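**Q** The task is simple: from the sequences and hints, build the whole structure.
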Amino acid sequence: MQIELNGKPHVVAEGADLAQLIAALDLTGKAVAVAVNRQVVPSQSWAGRMLVETDRVDVVRAIGGG
Amino acid sequence: MWCGRLAVGKVKMSDLPALSTDAGLTIAGETYGSRLLVGSGKYTDLDEMRAATEASGADIITVAIRRVNIGQDPHAPSLLDALPPLRYTILPNTAGCYNAEDAVYTLQLARELLHGHKLVKLEVLGDEKSLFPNMPETLKAAAMLVKDGFDVMVYCSDDPVQARMLEDLGVAALMPLASLIGSGMGILNPWNLSLIIEQSNIPVLVDAGVGTASDAAIAMELGCAGVLMNTAIAGARDPVRMARAMKLAVAAGREAFLAGRIAKRFAASPSSPMAGRMT
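Just so you know, the protein sequences line up as chains A and B, in that order. Going from the first sequence to the numbering used here is simple: count from 1 and add 6. Going from the second sequence to the numbering used here is simple: count from 1 and add 2.
Each statement offered as a hint is correct.
Here are the simulated lysine-lysine pairs, DSSO-like style, with alpha carbons at most 30 Å apart:
no.	chain 1	residue 1	chain 2	residue 2
1	B	K131	A	K14
2	B	K44	A	K36
3	B	K142	B	K131
4	B	K142	B	K120
5	B	K44	A	K14
6	B	K120	A	K36
7	B	K44	B	K131
8	B	K44	B	K120
9	A	K36	A	K14
10	B	K149	B	K120
If you're looking for bench data, these hints aren't it; they were derived computationally from the structure. Values in this document were obtained by computation on a predicted structure and should not be read as measured data.
**A** Put into structure tokens, the structure is as follows:
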């Protein structure tokens, strides 16, 4: 199943949830925030937030800036 | 060239105690010891950023929010690891946003990233060349963010009318540019800054344009509550040393403001008494 991850096509398993996507990216426990279709999803809700085709996921972090 | 503070300044020098101590900078009910706020961008590496930030004495550090590079080493040290959360207040910004919706979305993600943190820096740009703020979109975003419970520090133009509109919306601080972001051109319109300082009941900080220590001192002498800078420190030949210079300049400028400068006059005025001369 194809979703959009940070603006690019990304393949995830059918029935995968957000927690599994973050784990697959090796980002579990890292300082990141996630939104699906521009709605922020709190980390405690990642498990059980099933991904569906065409979902647009943003995974962001803090970097240096002024 | 700076031409002296407006005579109609909000704080009457005679009202201040002779040696008032500076209680610090209060924004949205929180008081910070340092009036210098620094950005964390443009450094060679995290170690240099950390050392310069420490030397600056700043309490509030701005960061940008960006998409994770998928495929990049997820175990690489991160910016937030380099800035101890108990020591610093992280101020997420909306740098690179050109409309209100993107700015609000960015800060909603930042709030989640920073565990419900409310203090944010809003900047909505209007032009890629000048990085001048788009004020209609800035006002729109400020209204949305205030309604959503954020404490909003706003990068804005030095227009007193729009500064008042922002204050009326309930933002936490006004941050007019002194000159273009990253330009190092210094305080180009002290008169407009003075008008904004004079009329505002919330902190006014210079954000953008500071090039060297004297610029920061001038901003503080005008009566600014603080100064926010990034490039002037990170881009200096010796960033750690410049960070220290800025710390001293902001403190010196604040002290000069509280002390009350002499009026400028065209004529000379001898410092030594005329009486008792041997001539």
